[in-house]
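Student: Below, each chain spelled out in residue letters.
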Amino acid sequence: MSSTNFDVEYVAELARIKLTPVEIKTFQSQLGHVLEHVEKLNAVDVSQVEPMAHSFQIYNVFREDEPREGLDREIALSNAPRQAQGLFIVTKVVE
Amino acid sequence: MEITSLTVHETQAILRSKQVSPKEVIETLGRRIELVDPSIHGYLSYDLNRAVSEARNADVRLPLGGVPISIKDVINVKGHPCGCASKILQGYIAPYDATVIAKLRAAGAIPFGRVNMDEFAMGSSTENSAFGPSRNPWDTTRTPGGSSGGSAAVVAADEAFAALGSDTGGSIRQPAALCGCVGLKPTYGRVSRFGLVAFASSLDQIGPITKDVMDAALLMNIIAGADPCDSTSLDEPVPDFTANLEKGIKGLKVGLPKEYFIEGLDPKVAKTVRAAVEHLQSLGAEVIEISLPHTEHALSTYYIIAPAEASANLARFDGVRYGFRAKEVSGLLDHYGRTREEGFGPEVKRRIILGTYVLSSGYYDAYYLRAQKVRTLIRRDFATAFEQVDAIVCPTSPTPAFKLGERTSDPLSMYLADIFTLAANMAGICGISIPCGFLEEEGKQLPVGLQILGPELNESTVLQVAYAYEQSTDWHKMKPSPQD
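As given, the protein sequences belong to chains W and R, one line each in that order. Just so we're aligned: 5 in this note's numbering is position 5 of the first sequence, and the numbers increase by one with no gaps anywhere. To convert, take the position in the second sequence, counting from 1, and add 1000; that gives this note's numbering.
In case anyone wonders, no lab produced these hints; they're calculated from the structure. Quantities reported herein were computed from a predicted structural model and do not represent experimental measurements. Worth double-checking, as some hints may not be accurate.
[As the list claims (entries may be wrong)] Calculated lysine-lysine pairs in the DSS-like style (CA-CA distance at most 25 Å, straight line):
hint : chain 1 : residue 1 : chain 2 : residue 2
1    : R       : 1373      : W       : 40
2    : W       : 40        : R       : 1327
3    : W       : 92        : R       : 1327
4    : R       : 1087      : W       : 18
5    : R       : 1268      : R       : 1373
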């Protein structure tokens, strides 16, 4: 692994977060330090080790596929910044 | 004695004997908050009228009947705001109860207020709250720790009888230590996460922050158990967590991990914790030095896995379905980018970016997969140790409460605040922090926490050790004077 390829501006775009020029500069340096620190993990021999996906032995959990009460539409929409006619209003996607 | 200085079980007793009514309890709490909270800023909001009207219907015969429990701003309580101390959830009103809240209500408790935290539980001081930090009741120029710093501060300042917090890397235990409270992180899966706003889903657990060990056990009795709404919750029998409290610790084996007494550990904290360990010995515990060889890698592992999971979980904050939305956007990408720019604070942005990077194409194996393998090694360390000992004791935090502003410009130094608590989350085991003494800084008495870790599903053992220590010491009875 290498932190030298870390480009905060590009990754922020992937994460859909706009950054100010000041933030780009600060985060680049701060996260660069964090990445340098985590590179210590390169020293650990993990060749014979399985990754841990869950901290407990847990297998697929099933339930009966029965209808249940869900959120009422009005309540589900009540927190939306914009809504009309029982729908969320989304910023225009296609030109 | 003021009602607000009582524990949950003491409050229950006077409610049941009708010395006070649930309404009086709430009203007294309201006056205490008015008096103290201007110096603490533990509450983001609370609705006294609503609580009073709920108190009128309270059934004091129920296990927590009529007792208000303060709630971290990351847990959904129907009809209350749930903002995660973030601007991006401004105006959000929870449309449903988290499972822990439904369980508290069924036990007669009154979910009360929204307590402050680091934004989305990311931080160790509450300084990442979009609404300003909380202050440590023992010295208001210092942080209460975090991320559940508001929960710990209001309990320590007697502005709450008990509180719920959440712990992803130490967010219950570290603030409990810094404020002189009891804080329990249950085994991963012991308590349902349904209705807890997700930060790092493989690490998050809800747990109690209380004035004594009995209260922690009582709250665990209510909130623990499998939940069909959380498929990671464990379908295991829930014991009576108070059952072992009085058993004492004679003959119990307690491990002292040598990797936790390192450079960077404040010498006064080390001395206080060592004295606590000697006290456990005097109570009949056998203390054995143990080794957890991968301890030094817990921090790096955590700062790959937690941001990675956070970057996925926080993708839902898009300004469409709830919360804040940027104004006058020029298109969809601008809508997302600016909503998240204006809605999230700096630490949340840093972690989302870090998480996105370690999961991005070409880096996944090098960072995330490797970290998940190291996590297996950390878990094995604990499994090996628990073959020899019943519980592990160590400091909760390497330092006492630090000054507000001291670490905000250097994220890495802030991350080190959790260096002794992270490993339990990585391994999925349970742990508690209890007060074990005080040290003096600049003329102020600051609490020190003793961390007791146990194997998965062994909260009862951890509580047993904690109770034996607490009942033979007076640290939990000390009270700060936050208005001075």
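Student: Decide, hint by hint, whether the structure agrees.
Tutor: To see whether the hints hold, each was checked on the structure:
1. R/1373 to W/40: Holds - the C-alpha atoms of residue 40 of chain W and residue 1373 of chain R are around 14 Å apart, at most 25 Å.
2. W/40 to R/1327: violated (43 Å)
3. W/92 to R/1327: holds (14 Å)
4. R/1087 to W/18: holds (16 Å)
5. R/1268 to R/1373: violated (35 Å)
Hint violations for this structure: numbers 2 and 5, all remaining hints satisfied.
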